[in-house]
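S.K.: Sequence:
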Amino acid sequence: DLGNSNLSGHLVPELGKLEHLQYLELYKNNIQGTIPTELGNLKSLISLDLYNNNISGTIPPSLGKLKSLVFLRLNDNRLTGPIPRELVGISSLKVVDVSNNDLCGTIPTSGPFEHIPLNKFLKHAPLKTMLLELFILLKVPDSDTHGYGDRLPRILQILTDLKYCSKLYSFEENPRLEGPELLGLASYDTNCS
1 DLGNSNLSGH LVPELGKLEH LQYLELYKNN IQGTIPTELG NLKSLISLDL
51 YNNNISGTIP PSLGKLKSLV FLRLNDNRLT GPIPRELVGI SSLKVVDVSN
101 NDLCGTIPTS GPFEHIPLNK FLKHAPLKTM LLELFILLKV PDSDTHGYGD
151 RLPRILQILT DLKYCSKLYS FEENPRLEGP ELLGLASYDT NCS
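Heads up: the sequence shown is residues 1 to 193, going by the numbering used here.
The set of hints was computed from the structure by calculation and includes no laboratory data. Take every hint as true, because none was put in to throw you off.
Okay, derived cross-link-like pairs now, BS3-like style, lysine-lysine, Cα gap no bigger than 25 Å in a straight line: (1) Lys43 x Lys17; (2) Lys65 x Lys43; (3) Lys17 x Lys67; (4) Lys65 x Lys17; (5) Lys67 x Lys43; (6) Lys17 x Lys28; (7) Lys94 x Lys43; (8) Lys65 x Lys94; (9) Lys67 x Lys94; (10) Lys94 x Lys28.
Starting from the given sequences, assemble the full structure and let the hints guide the process.
M.R.: Listed below in structure tokens is the structure:
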């Protein structure tokens, strides 16, 4: 455990060669740069704790290959982009914290994300605002389609968000992150670049 050790520098790709490594605990340091895709080679990794650093870039989809991973804490960094869909394939994943970053897109709702609570995310979509938007969207149907047309995905999204209002989330402080993504429909990624 090298957390809170006043370390600085970058995560090097060679870390991916430590095939028997189970815990990569580098939280609360001054680590910069990006998360190397090679970390996806750490097949025995149980805990990846890189929170409270200065890490930028995206979350590598290769982390979806970490089938033993239980804890993924990347909060309080400068990460951007979407949450990789590859992470839904990690059935052992129990804790995900990506709060206080600049992530975008939707929060997955399948695989291990199905039971991960999401309420801190709603901090950016207060209950009153969601209800007001839902009321406006439902008030006037589209006259040309005799229904709600392209507003239906957003209506369903708000209803899904309301369903999760009373649960605990670990996606807060990501103002461009939306979610959770709707099951059975195309991904609702917007403004994610």
